[in-house]
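J.: Please model the entire structure based on the sequences and the hints provided.
Protein chains: 2
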Amino acid sequence: MRRIRYSVAISLDGYIAGPNGETDWISTDPEFGFSAIMSEFDTVLVGRRTWQNMKATGNTLMPDMRTLVASRTLLQRNEPTVTVIPNPSPVLTALREKPGKDIWLFGGGTLFRSLAKAGLVDAVEVAVMPVLLGAGIPLLAGPAARVQLTLTSRTAFRSGIVWLKYDVADAAI
Amino acid sequence: MRRIRYSVAISLDGYIAGPNGETDWISTDPEFGFSAIMSEFDTVLVGRRTWQNMKATGNTLMPDMRTLVASRTLLQRNEPTVTVIPNPSPVLTALREKPGKDIWLFGGGTLFRSLAKAGLVDAVEVAVMPVLLGAGIPLLAGPAARVQLTLTSRTAFRSGIVWLKYDVADAAI
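First to last, the sequence lines map onto chains A and B. Following my numbering, the residues of the first sequence are numbered contiguously, the last one being 173. Following my numbering, the residues of the second sequence are numbered contiguously, the last one being 1173.
It is worth saying that the hints were derived from the structure and are not from the lab. Keep in mind the model is a prediction, meaning the values are calculated, not measured. Built from N, CA and C at the ideal position, the CB exists for glycine as well. The hints are all genuine.
Interface residues of chain A toward chain B, partial, derived using beta-carbon atoms under 10 Å:
no., residue
1, Gly109
2, Leu132
3, Gly134
4, Leu140
T.: Structure below.
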């Protein structure tokens, strides 16, 4: 079965972006093997705000990937390059049963919260940047039910980035 | 010179306690070597709220350690077991120059913010628990200046706890 994996960069204090959406603290690392990781996915899944932020910054290109945007307010006819899904649960439940590569939940923390509550997130994978921000957009939007995790892999790079992979042990407590 | 090390357990999303001060999600690990780590310190440094939480839960025993409580409001005569320091910066600057073991900054995020801004924190060391809380008391109280870090060591335990140690690269940007 295809897995839905929430895979993002975070600060050590758990933010996926700064208070104003800043991502300049996220560094790339040649050791990271980003394209190898990308090749494990064929679908990108984002929330409305993340999608609008991607469009505003021009970072919408995910080669060879289908993009799903979870939103009750966006209109499909205004978003010709993506598939708008107003009700993600049945769409994702069906998609997981079909053959294909994994589904990359790219953010944000609000979509993650609702999908985790519905038991629809299989893994949480974070590239921990060596910085503390003090404020920003959280990895998991609160208030939320606790999400218990099981560590499956950890790698540290010379740049100081630590790549931690977890399975979601109990998605809906 | 003695080092001031902010050494705490955090959730993967960067909280040192739950929204109501909960710490039940912090597990101990026999592999962790807690007493060996404790032996590197002879002084514990906490903020007022952390100290009051320690007293409320009865967790005030730090054998063979002197406890400093940073507070402008607590009265020394009401706190006979600790040393109240109303103005931490000169006290800590002087203390770092004296011989002795390291100083354990045990929390919380507000004291860490003010000490980091003053260039008085040498290291940040976190035991990352395999859980997401979604809300709670942050590792670094916001809003704050960014704290850049340099990874110095990482260890993963069978329990899924990841122990990350960083030097503070640039305490006061």
